[in-house]
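Numbering-wise, this note's numbering puts 44 at position 44 of the sequence shown, and it's gapless, one number per residue.
I should point out that these hints are in silico values taken from the structure, not numbers from a laboratory. What you were told as hints is all true, and nothing was included just to trick you.
Capping the alpha-carbon separation at 16 angstroms, the derived lysine to aspartate or glutamate pairs in EDC-like fashion look like this:
# : residue 1 : residue 2
1 : K23       : E33
2 : K7        : E44
3 : K199      : D230
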Amino acid sequence: MLPLQRKQAVLSYLAQRGAATMKELSDHFDVSEMTIRRDLNLLEQELRVTRSHGGVVYNDTSPAADEPDLATKLANNGDVKDKLAAYAAERFVSSSSVNIFENGTTVSRMADYLGAYDNLTLLTNGLDTLGRIRPLAAKKHTIISCGGMLREVSGTFVGPVAEEFFRRYHADTLFLSALGYSHEEGFTDPNLMDTQVKKAMMSCAEKVVILLDSSKIGKRFFSTVARLGDIHAFITDDRITAADRQIIEEGGAELHIV
1 MLPLQRKQAV
11 LSYLAQRGAA
21 TMKELSDHFD
31 VSEMTIRRDL
41 NLLEQELRVT
51 RSHGGVVYND
61 TSPAADEPDL
71 ATKLANNGDV
81 KDKLAAYAAE
91 RFVSSSSVNI
101 FENGTTVSRM
111 ADYLGAYDNL
121 TLLTNGLDTL
131 GRIRPLAAKK
141 HTIISCGGML
151 REVSGTFVGP
161 VAEEFFRRYH
171 ADTLFLSALG
181 YSHEEGFTDP
191 NLMDTQVKKA
201 MMSCAEKVVI
211 LLDSSKIGKR
221 FFSTVARLGD
231 IHAFITDDRI
241 TAADRQIIEE
251 GGAELHIV
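All chains should be modelled from the sequences, with the hints used to inform the complete structure.
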């Protein structure tokens, strides 16, 4: 395991458990306590953990209270989300393609608009998305879901198992969303573990398409998922302001206003 991979894995391990001793981490990752100490020093500098005598505590800087649950997200801006989902399915999906759908409530609605395509391969880490695309299996599309730790508030599988799952595959297009977008911080989410899985998804996709209704522009959350330079297309609705539109277009991403 590379140092960066191990550092991320240590952080995911701590996020799941809340705290751990140095020996526990050393034994779990089969490295020396000195190596673990170096990883923890870096994580502490990033304010992600707090060192204590003989151990470490995970800093949960994104409490669930700041993150709407799945039911709340599903209820918001449904008409706009349907419009963006229909456009993305028509414009960016093709028969025999391999596509990753994360669990964003706009992305998951794309399942309703895939009937015209044949022989799709669809990968996801989300319960809502999986439920929506499941009927497509009867039409001989291939559906693959990762494992991992279930985050109840987001309905997503996260952690090292989920991250490693997506690194095994090569996809044509990743359809992604986020809870916020700001010009300074890019696309952001409240929870680091969800962010890490999304980054793993991005690493294996040839094209990244973001679906984000304009009400999320100007909002910023704890962890950056991606910046404009990391994506290929940004789909939003026509309530976007002229100023935001100009900045996004100048940022290099292909902007689609529906």
